[in-house]
Each structure stands twice: as structure tokens, then as C-alpha cells.
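K.L.:
When we follow this note's numbering, the leftmost residue of the sequence shown carries the number 108, and every step to the right adds one.
Bear in mind the hints are in silico, worked out from the structure with no lab data behind them. Model, not experiment: these values are computed from the prediction. There may be inaccurate statements among the hints.
[Said to hold, decoys possible] In silico DMTMM-like pairs for lysine to aspartate or glutamate, Cα to Cα no more than 25 Å straight-line:
(1) Lys-163 x Glu-198
(2) Lys-140 x Glu-198
(3) Lys-140 x Glu-116
(4) Lys-183 x Glu-172
(5) Lys-163 x Glu-124
(6) Lys-163 x Glu-123
(7) Lys-138 x Glu-116
(8) Lys-140 x Asp-117
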Amino acid sequence: MIQTAEGAEDAEERSEERIKYKIILIMMKLKYKMIIEWSEEDNCFLVGFPGFPGQKWRTHGDTCEEAVDNGTEANKSLVIAFQSTGESLPEPTINKAAE
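Produce the entire structure from the sequences given, and follow the hints as far as they go.
P.N.:
Spelled out as C-alpha cells, the structure:
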């Protein structure tokens with residue numbers, strides 16, 4: 108069977124969608140701690156992931172909402188980076204609610 112360029116593009120899009128779906132499933136299962144802290148020096152909210160080595164401050168946002176959005180995207184990119192290099196993902200930190 109000969110595959111057209113259009114068919115190849117469709118197959119590539121389906122493959123990308125499967126990868127995105129897999130990442131979403133991983134993100135839902137693994138809940139990593141995301142720290143958001145105001146920085147007077149930088150005049151923005153800094154976002155970090157203490158569960159990932161070397162990721163004390165990964166991204167930022169001018170508002171807290173923007174920091175959350177940017178942090179969510181940064182978390183996805185960390186998971187993708189670890190998977191693409193074959194590194195094991197760090198275990199998420201599990202905190203218990205105050206009693």
C-alpha cells in the first residue's frame with residue numbers, strides 16, 4: 108500500500124495526539140509539588156519544582172494565574188524531557204493534610 112503525503116501527515120498527527128494523551132495521563136497520576144513565590148527582585152511570581160533535580164525556579168508569571176499556567180506547561184515539558192531521554196521520573200512528594 109502506497110501512503111500519500113496527506114496520509115503520512117494524518118498518521119503523524121495521530122501519533123502526536125497519542126503522545127499528548129499519554130503525557131496527560133502521566134500528569135494526572137503523578138502529582139508533583141509546584142512552588143509559586145513572589146520575587147521582589149524579579150518583580151514576578153517564580154515557579155519551581157522541588158521534586159525535580161535542578162529545577163528550583165523553572166518559569167515565572169506576572170500574575171499568580173499566569174504563573175500557574177506557565178508552571179503547568181513547564182511541568183509537562185519536564186515529564187516530556189525525562190521520557191525522551193529515558194530517565195526515570197522522580198517520585199512525587201506526598202504530603203498529608205494537617206490534622
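K.L.:
Identify every previously stated hint that the structure contradicts and give their numbers, smallest first.
P.N.:
The structure conflicts with hints 3, 5, 6, 7, 8, although it agrees with all the remaining ones.
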